[in-house]
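J.: Residue numbers (full-length UniProt numbering), protein chains in the order written: chain A, 1 to 411; chain B, 1 to 411.
Keep in mind that the hints were calculated from the coordinates and are not lab data.
Remember, it's a predicted structure, so these values are computed and weren't measured experimentally.
Do not take every clue at face value.
The list cannot tell twin chains apart, which means a pair is met if one copy fits it or any two copies do.
Said to hold, decoys possible - Cross-link-like lysine to any residue pairs, in silico, SDA-like; alpha carbons within 25 Å at most: (1) LYS167 - TYR10; (2) LYS167 - GLY206; (3) LYS167 - GLU8; (4) LYS329 - ASN9; (5) LYS167 - VAL138; (6) LYS167 - ASN118; (7) LYS167 - ARG331.
Number of protein chains: 2
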Amino acid sequence: MTQNVFAENYADRAAGFRPSPVRSVWDVSTAPGMISLAGGNPDLHGLPLEQLALAAQRLIGEQGLDSLQYGSGAGLPELREAVTAIMAYSGVQASADDVLITPGSQMGLELVTAMFCNPGDVILAEAPTYVGAISTFVGLEAEVCHVECDDDGLIPEELEARITHLKAEGRAVKFLYTIPNFNNPSGVRLAQDRRERIARICANAGVIVVEDDPYGLISFDGQVTPAIRSFDSNVIYLGSMSKIFSPGIRVGWVLAPADVRARLQLLSEAMVIHPSILSQYLALEYLTAFDWRATLARSIERYRERASALLESLSRSEGVLPAGSTWTKARGGFFVWATLPQGYSADELFELAVEEGVVFIPGSAFFADGSGSRSLRLSFSLESPEAIREGMRRLARASRRLTPRYELVSG
Amino acid sequence: MTQNVFAENYADRAAGFRPSPVRSVWDVSTAPGMISLAGGNPDLHGLPLEQLALAAQRLIGEQGLDSLQYGSGAGLPELREAVTAIMAYSGVQASADDVLITPGSQMGLELVTAMFCNPGDVILAEAPTYVGAISTFVGLEAEVCHVECDDDGLIPEELEARITHLKAEGRAVKFLYTIPNFNNPSGVRLAQDRRERIARICANAGVIVVEDDPYGLISFDGQVTPAIRSFDSNVIYLGSMSKIFSPGIRVGWVLAPADVRARLQLLSEAMVIHPSILSQYLALEYLTAFDWRATLARSIERYRERASALLESLSRSEGVLPAGSTWTKARGGFFVWATLPQGYSADELFELAVEEGVVFIPGSAFFADGSGSRSLRLSFSLESPEAIREGMRRLARASRRLTPRYELVSG
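Using the sequences and the hints given, assemble the complete structure.
T.: Written as structure tokens, this is what we have:
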């Protein structure tokens with residue numbers, strides 16, 4: 001009996017936990033000589049590490065009794081204030097009282113999902129969507145329904161039709177989860193004229209909007225599109241320090257109406273007590289004592305060059321991917337989303353690509369329903385333009401070894 | 001409709017989230033001049049802050065591209081190894097592979113509870129138990145059943161009888177949650193001869209043991225009792241850096257058999273991706289480059305002096321608490337648990353105590369079933385012996401204003 005004490009006792013939700021495809025690729029991607037177009041890691045080379053190191057020294061040497069001690073469940077008041085200034089760049093007018101600091105925005109999404117979703121409830125999400133969000137939703141036994149997108153992002157008519165259809169079936173549609181800016185994995189930015197419309201569709205249908213915006217400021221043309229939250233103060237907005245500063249410190253936030261924020265804080269305290277105080281102080285220091293916007297602008301310029309290298313390679317006349325493949329044109333963020341013609345498998349391409357020395361994430365990771373098997377996410381955030389070009393040459397060699405499976409094509 | 005978009009959409013579990021009584025007392029306890037016997041904060045004055053500050057400087061200045069970047073979901077391999085050495089002091093032989101680093105052991109408990117408990121499942125816990133654990137259990141809609149304790153901790157016969165009774169009722173008893181060493185809030189240490197017996201009772205009944213051990217090393221006599229985990233490798237063990245180093249960095253761990261650890265890691269990745277890398281490196285540095293045992297020994301000596309000051313005050317002939325009150329004799333940890341005679345209310349004493357300038361946590365916070373109304377948790381970890389003696393004089397004044405409510409006594 002002792003042997004099976006665990007097997008007998010797992011909760012129903014345990015069945016949903018599967019290894020993350022991104023994390024599995026992680027191991028492969030760190031092999032010597034491998035070029036990784038897989039990870040979503042920001043490039044940290046532009047950070048003023050020496051000055052940050054001195055700041056960390058002060059935070060412990062002079063404030064250690066505070067920065068190493070327990071703190072507020074809502075987060076440092078000064079940091080809650082500082083992140084409102086970040087959101088202002090996206091047209092969001094927010095009160096620091098409505099901000100909850102979380103140990104990364106992944107935890108923010110966990111809190112929101114746990115707060116609103118019973119098992120079997122429906123969450124709407126872009127097709128494709130963030131793999132980590134799918135993990136959160138599946139872990140809480142919610143059902144993900146994807147909504148069709150085009151080059152301008154989520155299609156409002158599709159969203160409205162999907163809500164109507166699901167409600168007619170008696171389903172509890174709790175919220176729309178959307179990454180409107182330079183979506184992970186598609187790289188697409190939701191057109192400005194669709195934002196207010198999507199907010200209105202959801203409000204009219206009694207569906208909450210959860211706007212996840214880690215990439216909003218990573219815009220290659222310098223234009224920051226107003227957040228959906230700027231059109232409707234009931235939108236729950238998730239922010240992150242991961243792409244504009246550091247993912248390793250795990251600092252993100254949730255902006256929500258006061259009553260919702262208060263409830264989320266209670267749940268956060270039950271889960272983690274509070275986020276790392278040291279991390280919060282370091283984030284605060286970075287936002288207030290450094291010219292972080294200038295540093296970010298230089299990083300964005302690097303991301304832009306890398307995106308160009310990737311897109312130029314994809315467009316070469318000889319072709320990196322099989323003829324008939326399509327891909328998104330990243331204007332910000334970290335990703336390009338490519339789709340192979342009918343009959344091709346991105347999983348097969350992945351196996352060949354690893355042999356050639358380049359990795360990406362196969363597209364099915366970004367769908368909860370098993371689709372995406374012809375697509376791939378190509379990340380350009382971490383490798384140099386030269387490495388990206390070499391990676392694309394390797395991908396081209398892998399592509400040429402790929403055989404279409406016409407027998408699998410029905411149409 | 002927009003106004004009610006949240007009210008209409010809360011999940012069932014949202015009803016269970018109540019403000020933590022400890023957090024509410026927090027606000028009162030920070031008032032000027034207030035003496036706090038409420039918090040469970042460790043005393044950080046003994047930490048080598050200047051050297052730690054230099055370590056933090058190096059971690060960012062020389063390793064910033066690593067310490068500020070994404071990392072492993074399981075935690076830093078070196079830290080997973082380092083914490084096995086901490087557990088060895090409690091007689092636990094563990095492999096680093098079976099360790100999952102978490103952003104605080106609160107998150108470890110969240111992961112374990114989510115992994116094993118469906119709504120309505122039963123968790124056994126000491127009477128009284130950690131208020132934060134109750135929040136976690138209630139948040140996941142598990143039901144807490146308290147098991148009677150005496151001065152030697154959890155009573156094995158009571159545990160066995162309770163399991164038998166609950167199983168006869170058809171209840172799913174998933175795990176025993178226990179803080180065997182210097183229990184929060186009771187301060188009691190589980191007798192060594194009960195440990196193996198409790199492990200066997202649970203194993204025979206197919207009930208998992210979750211051993212939460214933040215205070216194991218905070219032993220005033222220097223004796224560290226072997227952990228329950230040392231008698232049964234199926235025990236899930238929760239460890240924490242909060243009381244032996246820093247709570248603010250949020251670093252804890254779960255030790256669990258390999259298959260369980262792997263599943264918990266997937267859930268952890270879905271919730272937080274990974275704990276702060278900077279925090280993990282700082283914890284690793286503290287455990288490997290500092291004589292942390294000597295620093296801890298000095299802190300323990302301070303805690304011992306404070307516990308003595310508190311216990312001596314309680315034992316004065318004129319009495320701090322009403323005649324007939326009882327209290328535990330802390331031999332480690334941070335807490336003394338006192339119980340007033342029949343007819344007295346600790347909530348009423350709390351109100352009077354605040355007026356007199358001293359705070360504690362009323363006992364009902366530490367029960368899921370509404371009991372504990374005559375008890376109070378007195379923490380001695382943070383105030384000086386002088387402040388504790390003054391606090392106890394204030395508590396004595398509050399006690400003298402307390403009126404027994406004989407009309408409420410039935411027996």
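J.: Each hint needs a verdict: does it hold in this structure or not?
T.: Each hint tested on the structure:
With identical chains, the CA atoms of LYS167 and TYR10 are at most 25 Å apart between copies only, with a shortest distance of 17 Å across copies and 32 Å within one. Proximity of LYS167 to GLY206 under the C-alpha cut-off of 25 Å is restricted to the intra-copy arrangement: shortest distance 11 Å within a copy versus 43 Å between copies. In the homo-oligomer, the alpha carbons of LYS167 and GLU8 lie at most 25 Å apart only across protomers (14 Å), although the nearest pairing inside one protomer, at 37 Å, exceeds that limit. In this assembly of identical chains, the alpha carbons of LYS329 and ASN9 never lie at most 25 Å apart, being 48 Å within a copy and 37 Å across copies at closest.
Proximity of LYS167 to VAL138 under the C-alpha cut-off of 25 Å is restricted to the intra-copy arrangement: shortest distance 21 Å within a copy versus 30 Å between copies. Taking the shortest Cα distances, LYS167 and ASN118 sit within 25 Å of each other inside one copy (16 Å), while across copies they are farther apart (27 Å). Taking the shortest Cα distances, LYS167 and ARG331 never come within 25 Å of each other, neither inside one copy (35 Å) nor across copies (60 Å).
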